[in-house]
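**Q** Place chain B on chain A using the hints.
Keeping their order, the protein sequence lines are chains A and B. Here the first sequence is numbered in my numbering, starting from 29 and rising by one per residue. Here the second sequence is numbered in my numbering, starting from 31 and rising by one per residue.
Calculated directly from the structure, the hints in this document are not laboratory data. Just to be clear, a hint being listed does not mean it is correct.
What the hints assert, rightly or not - Estimated spans, in silico, between C-beta atoms of each pair:
(1) B:Phe241 with A:Trp190: 56 to 64 Å
(2) B:Pro251 with A:Val128: 30 to 38 Å
(3) A:Leu98 with B:Arg223: 39 to 47 Å
(4) A:Met29 with B:Glu224: 35 to 43 Å
(5) B:Thr111 with A:Trp190: 54 to 62 Å
(6) B:Phe241 with A:Ser35: 52 to 60 Å
(7) A:Phe183 with B:Arg95: 29 to 37 Å
(8) B:Pro280 with A:Ile136: 39 to 47 Å
(9) A:Ser324 with B:Phe159: 39 to 47 Å
(10) A:Thr112 with B:Phe241: 32 to 40 Å
(11) A:Met29 with B:Pro251: 30 to 38 Å
(12) B:Leu77 with A:Val128: 43 to 51 Å
(13) A:Leu37 with B:Arg223: 31 to 39 Å
(14) A:Thr112 with B:Gly235: 55 to 63 Å
Here the structure is a predicted model, which means the values were calculated and not measured. Just so it is clear, CB atoms sit at the ideal spot from N, CA and C, and this is done for glycine as well.
Read off the chains here:
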Amino acid sequence: MVRFILSKLLYLVPTFLGITIVAFSFVRILPGDPVLLMAGERGVTPERHAELSAQLGYDKPVVVQYFDFLGRLMHGDFGNSLVTKKPVLTEFMTLFPATVELGLCAIIIATLVGVPVGVLAAIKRGSWFDQISMTTALVGFSMPIFWWGLLLIIFFSGILGWTPVSGRISLLYYFPNVTGFMLIDSLLSGQKGAFASAVSHLILPSIVLATIPLAVIARQTRSAMLEVMGEDYVRTARAKGMPPRRVIGVHALRNAMIPVITTIGLQIGVLMAGAILTETIFSWPGIGKWMIDSISRRDYPVVQSGLLLIAALVMVVNLLVDLTYGLINPRIRNK
Amino acid sequence: MSDIAPTPVVRLSDAAIRRRMLAEFWFYFRQNRGAVAGLAVFILLVLIAVFAPLLAPHDPTMQYRDALLVPPAWQEGGRTTFLLGTDAVGRDMLSRLIYGAQYSLFIGVVVVAIALVGGVILGLLAGYFGGWVDTVIMRVMDVILAFPSLLLALVLVAVLGPGLTNAMIAIAIVYQPHFARLTRAAVMSEMKREYVTAARVAGAGNLRLMFRTVLPNCLAPLIVQATLSFSSAVLDSAALGFLGMGAQPPTPEWGTMLAEAREFILRAWWVVTFPGLAILISVLAINLMGDGLRDALDPKLKRS
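Same shape as in the complex, but just chain A (with noise of 0.2 Å):
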């Protein structure tokens, strides 16, 4: 196991050499003075142009600009924001647990919906069940999710006034900053009724979140059900009389399971895609919504060290399924 962990380790290295170099030379192939860029509309002499190409860097050939980024990033240096002047780093840390809470809810509802919908879709193949779960399903995977995001908007907030268009919480409630999850923090500071506004402005953005991957999840959870249910070990154990319920819930889905929770995984990359699209509607204060501000207020510093930081997340989330994979699955460890 420990050989296996080692190697997927080992594999990471150059991809993670790749991700910096796209994030560094980003910047780089940028049109426009980095320079220029920074002194803003006022413009700056040349002398001061020259000695703020010094100070940043500029003035010495790309690869060594290129090992210079390297080790600022090693020691947590991820630059600072042209507009807020304050850390990458610090920003990201501040938006994270909110794209975080929205990310986890959504994978909560996918998974508790997805996987039963598709096992039963696969117990009863051919039934109007199956049919019209299945059909949904491939509506929900074609779906625009900024256009399904507005339209529950319409009708949720519009029509019936029951969920809050955009934000985290109501801004009557104020209460300290704890674990950066609104839900717990609410919940920790008792008082009356912030609990329920941080579930109402969370549950209309998870839902839309969830939508792909939980298509994703019914149709793979129905395919891979399908798989198991025509092996011998299952035969078998009808054969032996064992009570149907036992058969599915023992033996097939467990096996079953395994695919499931890699797909389950993988989702983390169409989350965070997702999460950009969602932020931007319910005006969510996370990762994705910075990331979009700060591509059009062309904030360079925090769109490098962000593309780099979420790639980097996804990566190492990847790494994390594929390790559970290997523990779930000896013959993927062992191979």
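**A** Then chain B, alone, in the frame of chain A:
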């Protein structure tokens, strides 16, 4: 020993074999009702796109200043000249939607073409030569795949500058590793076959081996992936348009139309509903087709 009359060998011409394969393909494809429905909708979309100038009742960018945010014809206050209503500057929704089909299909075709050609060439090189060529190419693909696709596309567009062309290039770059991976895997399994060795012994050069001998036998998974990428391209380009990074106004692109409609969502449902519905229907139709193609082309899945 008894005399057995030699069975006459029936030689089929290439064209006949192709016809048979096509018939077999159609047989399997037809069994999937969803796929046939998807194909029908897709053909309809193509027709709408091609005949847009004839079908659209108005110019898609013409602003009727006396008809701002007119509701659809069946609703109170609607006018029969504007069947699906007008947007905030008085442009006819129906005409814009019809012209929008052109953009979506065009984007899908261009993105898939670039991603397919690029990915197939890289995958062929990696799978055919192996060794360090393979390592270098596949590591680069891994790096691209490490980024969430929409995010990388967004950043690429930020570098290249917002606009439809750059959005298409960015999306194609992001999609191309999928094709490279598929091609590489298929090529690697084909390379072990005897017919490849035979062709090599017969004196076929590298290029001929790659493109004429091996590639045609790797097409099935690529066709399925191309269909899936087509629908994702329509979706992602609409998302980029929605975020202001794709086609720029006043282009009647569906995602861009949604972006312009955002501020009116609580006042004029039609400006939001129809463009999204158009995106959903097109993407759904293509995905249905993709499911059918996969069933018909992938022998492993034919049974299930």
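**Q** Does the Cβ distance between A:Met29 and B:Glu224 fall inside 35 to 43 Å?
**A** holds (40 Å)
**Q** Within 32 to 40 Å: is that where the Cβ-Cβ distance between A:Thr112 and B:Phe241 falls?
**A** Once the Cβ atoms are compared, 53 Å apart, the range 32 to 40 Å for B:Phe241 and A:Thr112 is violated.
**Q** Could you see if the CB distance from B:Leu77 to A:Val128 stays within 43 to 51 Å?
**A** Holds, at about 46 Å.
**Q** Taking 55 to 63 Å as the hint, is the beta-carbon distance of A:Thr112 and B:Gly235 inside that range?
**A** holds (59 Å)
**Q** Can you tell me whether the CB distance of A:Leu37 to B:Arg223 sits inside 31 to 39 Å?
**A** holds (36 Å)
**Q** Using the C-beta atoms of B:Phe241 and A:Ser35, is the stated range 52 to 60 Å upheld?
**A** Violated - the Cβ-Cβ distance for B:Phe241 and A:Ser35, about 35 Å, lies outside 52 to 60 Å.
**Q** Assuming the hint says 30 to 38 Å, is it satisfied by the Cβ distance from B:Pro251 to A:Val128 or not?
**A** holds (35 Å)
**Q** Do the beta carbons of A:Met29 and B:Pro251 sit within 30 to 38 Å of each other?
**A** Given a distance of about 33 Å, which is inside 30 to 38 Å, the answer is holds.
**Q** The hint says 54 to 62 Å between B:Thr111 and A:Trp190; measuring C-beta to C-beta, is that right?
**A** violated (37 Å)
**Q** Using the Cβ atoms, figure out if A:Leu98 sits within 39 to 47 Å of B:Arg223.
**A** holds (44 Å)
**Q** Cβ-Cβ distance between B:Pro280 and A:Ile136: within 39 to 47 Å?
**A** holds (42 Å)
**Q** Determine whether the Cβ-Cβ distance between A:Ser324 and B:Phe159 falls within the hinted range of 39 to 47 Å.
**A** holds (43 Å)
Of the numbered hints given earlier, the model fails hints 5, 6, 10; all others are met.
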